[in-house]
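Novice: Here is how the chains run, residue by residue.
2 protein chains.
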Amino acid sequence: MLSLPSDPELDRLVVEIIGRVADKWTLLLIEILTERGDCRFGELSRACEGISQKMLTQTLRAMERDGLVTRTVYPVVPPKVVYALTDLGLGLSKAFCGVWEWAESNREAILRARAQHAQRQSQQDTPAG
Amino acid sequence: MLSLPSDPELDRLVVEIIGRVADKWTLLLIEILTERGDCRFGELSRACEGISQKMLTQTLRAMERDGLVTRTVYPVVPPKVVYALTDLGLGLSKAFCGVWEWAESNREAILRARAQHAQRQSQQDTPAG
DNA sequence: CAGCATCCATCTAGATACTG
DNA sequence: CAGTATCTAGATGGATGCTG
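Chains L and S are the protein sequences, given in the same order.
Quick note: the first sequence uses my numbering, first residue 284, plus one each step.
Quick note: the second sequence uses my numbering, first residue 284, plus one each step.
Mixed in with the good hints there might be a few duds.
Same chains, same label: a pair holds when it works inside one copy or across any pair of copies.
Claimed, not checked - List time: in silico DSS-like cross-link candidates among lysine-lysine, alpha-carbon distance up to 27 angstroms:
| no. | residue 1 | residue 2 |
| --- | --- | --- |
| 1 | 307 | 363 |
| 2 | 363 | 337 |
| 3 | 307 | 337 |
| 4 | 307 | 377 |
Because the hints were derived from the structure by calculation, they are not lab data.
All chains should be built: construct the whole structure from the sequences, respecting the hints.
Specialist: What follows is the structure in structure tokens.
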């Protein structure tokens with residue numbers, strides 16, 4: 284038995300870890316690195332359309348800090364920095380497959396639920412309108 | 284074929300959905316509701332130790348809006364409101380099992396990676412002591 | 001090319017007080 | 001019991017300008 288199923292403290296730890304890795308850009312970067320393999324900074328920047336350099340750097344540093352990616356600097360001109368998933372990052376990528384597939388399969392159900400909810404809301408707002 | 288594996292737009296949609304459902308409190312509430320079954324507001328409040336009423340209400344409303352939980356109000360005194368996972372919510376709960384197990388199994392690896400990273404950082408800060 | 005430093009708008013989370 | 005309303009500190013994220 285690796286862990287008690289209902290240990291509140293463990294739950295909190297796990298939730299914190301998931302909360303840290305489950306943000307928008309981290310997931311997108313993991314997805315991109317899983318699909319493409321190793322990438323340079325600029326390639327990630329283009330693939331993550333809409334991300335700012337600041338967020339890209341920040342997210343990559345956090346991922347590096349948590350051991351999800353490696354950062355390799357080549358001492359050439361112009362500079363070349365390559366990011367690669369570690370085994371830990373690859374494991375996370377696989378672990379997220381289930382959630383990813385769930386989100387793909389159920390995104391319409393969620394959008395439908397939201398639409399219905401919005402309808403009920405507007406009905407409440409104008410009950411006899 | 285349900286989806287192209289590398290459709291950037293789909294990726295974004297999925298990432299947004301995951302980003303919305305993968306926050307700290309949502310995960311904790313899903314965990315609690317999965318473990319305990321239907322819960323009243325107060326019970327969730329106590330189980331999610333540290334959460335404020337505001338965040339609890341806010342998170343539950345978002346979950347209700349996205350069709351993850353149902354909210355049933357009993358017209359009694361004192362008020363009684365019961366929250367229950369929907370099939371969608373239950374599916375998400377199951378989908379997250381993989382990530383949950385990954386986080387449990389690798390939390391020490393992550394903490395170790397961070398510790399090593401912190402060491403390397405302090406070595407860089409004091410290169411010649 | 002691959003960043004870092006800075007400023008600024010916004011969003012968030014929590015504390016507090018009040019209500020049916 | 002189960003909320004709502006309000007206020008505020010802090011985190012978040014983007015734009016800009018500069019560097020090796």
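Novice: Hints first: check each against the structure and report whether it holds.
Specialist: Hint-by-hint comparison with the structure:
1. 307 - 363: within (25 angstroms within a copy, 36 angstroms between copies)
2. 363 - 337: within (18 angstroms within a copy, 47 angstroms between copies)
3. 307 - 337: both (15 angstroms within a copy, 24 angstroms between copies)
4. 307 - 377: Cα proximity of residue 307 and residue 377: in one copy and across copies (17 angstroms, 21 angstroms).
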